[in-house]
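Enquirer: Residue numbers (numbering that gives the first Met the number 0), protein chains in the order written: chain A, 0 to 284; chain B, 0 to 456.
Since the hints were derived computationally from the structure, they do not count as laboratory data.
The beta carbon of each residue, even a glycine, is placed where N, CA and C say it ideally should be.
Be aware that one or more of the hints could be misleading.
[As the list claims (entries may be wrong)] Quick list of simulated restraints, FRET-style, between CB atoms:
id : chain 1 : residue 1 : chain 2 : residue 2 : range
1  : A       : S5        : B       : R276      : 43 to 51 angstroms
2  : B       : T186      : A       : W252      : 50 to 58 angstroms
3  : B       : G134      : A       : W252      : 54 to 62 angstroms
4  : A       : C80       : B       : T186      : 43 to 51 angstroms
5  : A       : C80       : B       : S216      : 24 to 32 angstroms
6  : B       : S131      : A       : A77       : 39 to 47 angstroms
7  : A       : L4        : B       : G455      : 42 to 50 angstroms
8  : A       : L204      : B       : G404      : 41 to 49 angstroms
9  : B       : D21       : A       : E149      : 30 to 38 angstroms
10 : A       : W252      : B       : R323      : 46 to 54 angstroms
11 : B       : G404      : A       : R140      : 46 to 54 angstroms
12 : A       : E178      : B       : D219      : 45 to 53 angstroms
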Amino acid sequence: MFRILSKNMLSAAVCEMEVEAGRVARAALPGQFLIVRAGPEGERVPLTISDCDADRGTVTIVTQKVGASTTDIVAMEAGDCFEDVVGPLGLPSEFVKSTPEELRDERYVFIAGGVGAAPVYPQVKWLADRGVSVDVIVAARTADLLIYTEKLAMPGVSVHVCTDDGSRGFKGVGTAMLEKLVADGARFTRAVAIGPMIMMKFTALCCRKLDLPVTVSLNTLMVDGTGMCGACRVTVGGKTRFACVEGPEFDGWEVDFDEAMNRQGQYREEERAAMENHVCKIGRG
Amino acid sequence: MATVKRVKAREQDPLVRATNFDEVCLGYNLEEAVEEASRCLHCKNPRCVGACPVGVSIPEFVARLKEGDVEGAAAVIGRDSSLPAVCGRVCPQETQCEGSCILGIKGESLAIGKLERFVADNAKSVPVRAASRNGIRVAVVGSGPAGLACASDLAKKGYDVTVFEALHKAGGVLEYGIPEFRLPKDTVLKRELDSVRALGVTIETDVVIGKTVTVDSLMDEEGFKAVFIATGAGLPRFMNIPGENLCGVFSANEFLTRNNLMKAYRDDYMTPIHTGRKVCVVGGGNVAMDAARTALRLGAEVHIVYRRTEEELPARREEVLHAREEGIVFDMLTNPVEVIDNGSGWVKAIRCIRMELGEPDSSGRRSPVPVAGTEFDILTDTVIMALGTSPNPLVARTTPGLETGARGGIAADAQGATSREGVFAGGDAVTGAATVILAMGAGRKAAAAIDLYLQGK
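Chain A on its own, in the form it takes in the complex:
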């Protein structure tokens, strides 16, 4: 059983849950994701792994309400069980394979947009644990939508908070913060941008301008998550790639974001109809 041990609302529409999933917890590495189904008639929903505890056999997942299925997930409570949790899926972040020597001279900057701070956390933690210097820009439209700002402030990690409306931290988007840090003399060797597709697109453009290599993590549509359906296909460097098995992380300079955004909206009509007709059955036995 995939029991929810605890639930914590991070903002009005975003929740964090610790879920029993021993096999996933023992195998997951930074950069990977998992798929859940809330109930027996549920969709397979790809979600971020924000943490895992192999000893307790638990994973921590973060879900944002965007459609009918994620609304059902966010409505679940501690003690409830997911019908399915499968993973870890996708490839781990590239740096996981690097030796401490290779990482010693790297200066990472992460740019997290909104709920993107959740998948950024295990990557930052992995690097910080190995003594790598890391800056993290945590960006959101407004202060209420910021998540994980305290959690990310680990020893050796510089957190820079920014909001579009200036309600907390620097006033401006993540790329403005990045440009400011660089202008102030920061010398980054690699960026990692995770957030909404549009935010990753503009972050990739900004990094290109700064001649800064950038990794992005693509949250495409998926069904099986094992390479079988091709719903997640994206064009990277002119070639079709499957985000579920060859990603989700790709070279941000090479991703065709316009196509990816177009494809992400493929079921928008159906999603809207589902939301209008949706009666949540979670917790009603």
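Could you slot chain B onto chain A? The hints should help.
Expert: Same frame as chain A, now just chain B:
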């Protein structure tokens, strides 16, 4: 003298079935089955048995059925086949058992598939666990036809078998690929899976071998003494033509998985699926027919677009016939060269070129050649690519020392042995996309080889 015509199996009316997902063929009743069984000539040298990939003793089960002994017939089939209700429905009988039937020379061959199906659907006996268990653990990766066949045979020999399935439901292609109207899930497939479980096989879903755990950790940490890899041919092929990543272009795998595994056709499930008013399915195999007939049942006008002629369609003959009866349009000698954008990122049309048949290729089929200057557009809302699949590399990539063949499949000998000791493989994971019965045959051979290997240890 046996009658020339076979007893026709009852079917749902084409106009009715085009609007529902219930099974098309209703099968025989006992009287019809006995009558059809009595047509068998009981050849001294039964060619049908040799033409069956698992060598079912066809004349023997038919003889039992002729006497009305359904349980006896089931026992005969059960010696060689672990999924008779499935095979009776989805095997390409016209190129195997029925294709070699002597009756077929002057009239219609014996309806062996329909008889097998009748027996499997109507037998009441349930398989029982082997009396003595040897406690030796064997892991099977994938719960499709190859995996289930291997698991059943090993369980019958007393092994402690666990099948790992990546999806949330067992059955592999029988669950996600073949539609309800050809293979009912809650009755036929569930019954077959229950039989496998009744033998003592454990099926663990939601485990992706190569991701959740590796083959090495199964052997080193979880105590499995042998592993059978039956992960199928999962990765969809595309044409690599411009516009193929537009919205409204899907792989047949995605379209069928949404509808079969994820039950998009049912109101009580949340899965979205897109057809629009018109759907073009590119390809000519069973998967193309399945996708086309699914789209039709979801309310679309459907065309099959295929680069050769109807003669070369690789699909089962019955499926082509059924598709045609249901109103699917066949656009033959037609090959897409580009998918056209409607201006907002969705499909508007497929640009195609006329083809003609040229010289025979290495497969012996005449190869299609484009006719210059014949490009034309077919307006459509949805394009479904049913161009075949290639083996899923997840296991091969995460199992050091496991060699792969030329087309990415796992390299294995005729008995399923791979380059790694104790690791066996079979089915589409080795051969690339083939049939349920060939996968099942590979599973059974590997089970025998695994038994031999473990006995020798």
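Enquirer: Now, for every hint given, state plainly whether the structure supports it.
Expert: Evaluation of the provided hints:
no.	hint	verdict
1	A:S5 x B:R276: 43 to 51 angstroms	48 angstroms, holds
2	B:T186 x A:W252: 50 to 58 angstroms	53 angstroms, holds
3	B:G134 x A:W252: 54 to 62 angstroms	56 angstroms, holds
4	A:C80 x B:T186: 43 to 51 angstroms	28 angstroms, violated
5	A:C80 x B:S216: 24 to 32 angstroms	26 angstroms, holds
6	B:S131 x A:A77: 39 to 47 angstroms	46 angstroms, holds
7	A:L4 x B:G455: 42 to 50 angstroms	47 angstroms, holds
8	A:L204 x B:G404: 41 to 49 angstroms	43 angstroms, holds
9	B:D21 x A:E149: 30 to 38 angstroms	57 angstroms, violated
10	A:W252 x B:R323: 46 to 54 angstroms	50 angstroms, holds
11	B:G404 x A:R140: 46 to 54 angstroms	52 angstroms, holds
12	A:E178 x B:D219: 45 to 53 angstroms	50 angstroms, holds
Of the numbered hints stated above, those contradicted by the structure are hints 4, 9, listed in ascending order.
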